[in-house]
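Protein chains: 2
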Amino acid sequence: MNAPMLNYADAPTQYLDVEGVNYAYRSLGKRSGIPVVCLQHFTGTLDNWDPIIINGLAKERPVIAIDNTGIGNSGGTTPDNVQDMARDAIKIITALGIKKCDVLGYSLGGFIAQTIATTKSDLFRKIILVGTAPQGAKALGSFPHLVERAFQQRGIEVYLYIFATQSERSRKLVTATYQRLKERKSDRDKETGMLSVQAQVKALTRWGTDPVTIKLGEIHQPVMIVQGSNDEMMDSDTSLELFKQIPNALLFYYPDSAHGSFFQYPEIFVEQANFFLNHFE
Amino acid sequence: MNAPMLNYADAPTQYLDVEGVNYAYRSLGKRSGIPVVCLQHFTGTLDNWDPIIINGLAKERPVIAIDNTGIGNSGGTTPDNVQDMARDAIKIITALGIKKCDVLGYSLGGFIAQTIATTKSDLFRKIILVGTAPQGAKALGSFPHLVERAFQQRGIEVYLYIFATQSERSRKLVTATYQRLKERKSDRDKETGMLSVQAQVKALTRWGTDPVTIKLGEIHQPVMIVQGSNDEMMDSDTSLELFKQIPNALLFYYPDSAHGSFFQYPEIFVEQANFFLNHFE
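Read top to bottom, the protein sequences are chains X and P.
Note that numbering that gives the first Met the number 0 numbers the first sequence so that position 41 is 40, with each residue one more than the last.
Note that numbering that gives the first Met the number 0 numbers the second sequence so that position 257 is 256, with each residue one more than the last.
Okay, chain X solo, but in the shape it has when bound:
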């Protein structure tokens, strides 16, 4: 038996056919234990996970990152609503042979994780939500304008506009994350196409404006919520709302950070996430 793969940069992209759609994923980490499935942010692909975070989690458990429908190297058409994205994520996780897993849902991935937790609640053992918001979060109503302003920037500034604050420290730390995302040289994902981006914008906006249907009070799993001090996209204060509504949640705020909170402080996140997944009940 080979040694477990512990370096995300070396994890090959694998493919899985689900009902005629070809899905891309990467798998690494310990061979035994409950896997943590990683659900990515708006526009993000398999190449947008900070390797410090994936590698840190992989030391203690299996880690599986997936591209949802129409994202990165996955086929199919990206849905324009979170409910259908959650349906697709369940299909992929099930097709991978997983009956129970932990989940790391980041931003849009956190919406999907909340949706699955309240519609197929036996799939998850524990839930990590980063840089996300409850349904009805007002900030999402103006998401298209935020995206428009971000896309007016150039190069790395598009990334920093969303993921960093304007402080020197935050920009420096998130620039380092951005550079880590470029370390993988081959077998990279395609960038997410414009039609998929547009569908995601619609889904994110709807999360803020559609009627609230999700009952967070019914989430029975242990939940760990992480947010930055200044996440304009989600409005940082809405993480306190998540915390208050979910019965058994830890809430961790990181300083001087925006939507990229855990990318800015990957070491502390890995420490907290591994402790949560290993020990918190």
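Don't read these hints as lab results, they were simulated from the structure.
Ideal Cβ placement from N, Cα and C applies to all residues, glycine included.
A few of these clues could be false.
Unchecked claim - Just the calculated beta-carbon pair ranges, DEER-fashion:
hint : chain 1 : residue 1 : chain 2 : residue 2 : range
1    : X       : A94       : P       : H144      : 56 to 66 Å
2    : X       : S185      : P       : R168      : 44 to 54 Å
3    : X       : H219      : P       : K171      : 12 to 22 Å
4    : P       : K171      : X       : E217      : 20 to 30 Å
5    : X       : E18       : P       : Q165      : 47 to 57 Å
6    : P       : P210      : X       : I89       : 51 to 61 Å
7    : X       : S185      : P       : E217      : 48 to 58 Å
What the hints assert, rightly or not - Residues of chain P clear of chain X, computed beta-carbon distances all greater than 10 Å:
hint : residue
8    : K58
9    : N80
10   : A175
11   : Q178
12   : H219
Given chain X, put chain P in place with the hints provided.
Quick look at chain P alone, frame taken from chain X:
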């Protein structure tokens, strides 16, 4: 050289004369490194620190717990305001030969830590604030009524009224803390006398009602803030205010917990505090 003392139950009470007042303290843990000085909550003495927390910190650093003026086995008259309590704490720390330390300020001890951080800012390297609030926190205005209701309870219920929520889980976990506080059989502190309790009630109430003089924005150290979801004494939401005003703060909320947040989850607190003190800048 003897092995380091790592068990708080075995740490003898020591005494130190400062300007004619006899102060009680206990010291344990690693012999080298920056010590963490522990400042206790309303009515609490050296016997009110959860040994899991003290022992967990002592594995990685020197730990020194002190009784402030008029508390437990310390002599002198307890001041009725936080400013004088901070002045006394500085005197004790200085008399112990400490030029720079970390601080764990719990509740009233957190008020003292905030005061020292903004008046003698070079004393602290890093700051942990648990179950505390900024100056002007409205909940403190009704502190005497809360104390009155708590003191109407009997036995362990006095403790649970303040430190636990009404849930079965919280009561069970905080009951376990309460029992750990009784493990030490000899060399215990005197309980804090009624005159000192009255002075502390005045100081706590004033913290909520006096004009705000402390500039939290000037705290330049890394700060870790911990709070429970339902701390009626401090109003849990005021920890988010601390977080927003202190430039470089981590904020951790624990679920289904009241004023005894870190006593309810001592293992996760020890993990987070040691990581913060060892690694966070």
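We went through each hint and held it up to the structure:
| no. | hint | result |
| --- | --- | --- |
| 1 | A94/X - H144/P: 56 to 66 Å | holds (59 Å) |
| 2 | S185/X - R168/P: 44 to 54 Å | holds (50 Å) |
| 3 | H219/X - K171/P: 12 to 22 Å | holds (18 Å) |
| 4 | K171/P - E217/X: 20 to 30 Å | holds (23 Å) |
| 5 | E18/X - Q165/P: 47 to 57 Å | holds (49 Å) |
| 6 | P210/P - I89/X: 51 to 61 Å | holds (56 Å) |
| 7 | S185/X - E217/P: 48 to 58 Å | holds (50 Å) |
| 8 | K58 | holds (16 Å) |
| 9 | N80 | holds (30 Å) |
| 10 | A175 | holds (14 Å) |
| 11 | Q178 | holds (20 Å) |
| 12 | H219 | holds (12 Å) |
When the structure is compared with the earlier hints, no violation turns up for any of them.
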